[in-house]
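Given chain A's structure and the hints, the job is docking chain B onto it.
These protein sequence lines map, in sequence, to chains A and B.
For the first sequence, the working numbering begins at 1 and goes up steadily by one.
For the second sequence, the working numbering begins at 117 and goes up steadily by one.
If you are wondering where the hints come from, they were derived from the structure by calculation, not from laboratory data.
Where a beta carbon is used, it is the ideal one built from N, C-alpha and C, also for glycine.
Hints are supplied without guarantee of correctness; some may be wrong.
Here are the computed lysine-lysine pairs in the DSS-like style, where the Cα-Cα straight-line distance is at most 25 Å [as the list claims (entries may be wrong)]: (1) K172(B) - K184(B); (2) K168(B) - K184(B); (3) K218(B) - K57(A); (4) K1(A) - K176(B).
With beta-carbon atoms standing in for the labels, derived distance ranges [what the hints assert, rightly or not]: (5) K1(A) - N175(B): 17 to 25 Å; (6) E132(B) - P8(A): 37 to 45 Å; (7) P8(A) - Y155(B): 15 to 23 Å; (8) G194(B) - K1(A): 26 to 34 Å; (9) E185(B) - P8(A): 32 to 40 Å; (10) E132(B) - Q54(A): 46 to 54 Å; (11) S228(B) - G40(A): 31 to 39 Å; (12) T80(A) - S195(B): 47 to 55 Å; (13) A133(B) - T14(A): 42 to 50 Å; (14) N56(A) - E132(B): 42 to 50 Å; (15) S86(A) - Q197(B): 30 to 38 Å; (16) G194(B) - F60(A): 40 to 48 Å; (17) T7(A) - A169(B): 37 to 45 Å; (18) T116(A) - S195(B): 40 to 48 Å.
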Amino acid sequence: KAGVTQTPRYLIKTRGQQVTLSCSPISGHRSVSWYQQTPGQGLQFLFEYFSETQRNKGNFPGRFSGRQFSNSRSEMNVSTLELGDSALYLCASSPQEGDRGTHEQYFGPGTRLTVT
Amino acid sequence: GNSVTQMEGPVTLSEEAFLTINCTYTATGYPSLFWYVQYPGEGLQLLLKATKADDKGSNKGFEATYRKETTSFHLEKGSVQVSDSAVYFCALHLSGYSSASKIIFGSGTRLSIRP
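The shape of chain A in the complex, shown without the other chains (with noise of 0.2 Å):
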């Protein structure tokens, strides 16, 4: 099975701009989250979707938005970049299935977003 895909793997922006971001689980995956990972701040849960629903969101500003489609792949956009947002962007997809599942994740390379 292909692993979890993120494209692009790197880009730079300006503050103001907005971006968006693209993830495909594994085939089979119905679960797919996104985390920022950054030096001072580690890995933070951004949201989670499953089924096309977001179930879960973290604690980041209205600027983070993402979505999902009917195939399981993911997008999240990010409006209006400050320097802050520079990070590594992680997604993960899960096989989990209702209440059930394993709970592992299976992160992509991630997308190494500069904000300039």
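Chain B in isolation, oriented as in the chain A frame:
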């Protein structure tokens, strides 16, 4: 509240040395416990897991035992290699929840192995 505490890095060892990375947790109920590894330029990979007390997870020579009495899940390897240089994350998943929002990651421990 629920939390994961890892030993601070960086940890620097010589090749073939014994490795221990400490991880303790605070959680309600009986969480599942995980170790993830992140190699340079990559995302996190699941290294091993344990879903109940006294379970031992193992993979690639690494081991960790779920100790409920000490709320710990320390990562060990008998003989490290240069290729083990990476950042290691301890994590827990709160019991009774299927959501990824209930996964709590530690801050990560950077491991460097000298040839």
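> Is 30 to 38 Å right for how far apart the beta carbons of S86(A) and Q197(B) are?
Replying inline: holds (33 Å)
> That 40 to 48 Å hint for G194(B) and F60(A) (C-beta), does it hold up?
Replying inline: holds (41 Å)
>> A range of 37 to 45 Å was offered for this pair. Does it hold for the Cβ distance of T7(A) and A169(B)?
In response: holds (41 Å)
> Taking the beta carbons of N56(A) and E132(B), is their distance inside 42 to 50 Å?
Replying inline: holds (43 Å)
> Would the pair K218(B) and K57(A) pass a check requiring their Cα atoms to be no farther apart than 25 Å?
Replying inline: Holds. K218(B) to K57(A) sits at ~11 Å (cutoff 25 Å).
>> Tell me if the straight-line CA distance from K172(B) to K184(B) falls inside 25 Å.
In response: holds (12 Å)
>> Given the hint of 32 to 40 Å, is the C-beta distance from E185(B) to P8(A) inside that range or not?
In response: violated (47 Å)
> Is it true that T116(A) and S195(B) lie within 40 to 48 Å of each other by Cβ?
Replying inline: Check passed, 44 Å falls within 40 to 48 Å.
> For the pair G194(B) and K1(A), does the Cβ-Cβ distance stay inside 26 to 34 Å?
Replying inline: holds (31 Å)
> Would you say the C-beta atoms of P8(A) and Y155(B) sit inside 15 to 23 Å of each other?
Replying inline: Once the Cβ atoms are compared, 20 Å apart, the range 15 to 23 Å for Y155(B) and P8(A) holds.
> Would you say the C-beta atoms of E132(B) and P8(A) sit inside 37 to 45 Å of each other?
Replying inline: holds (40 Å)
>> Tell me if the beta carbons of E132(B) and Q54(A) are separated by a distance inside 46 to 54 Å.
In response: holds (48 Å)
In summary, the numbered hints that this structure violates are 9, 11.
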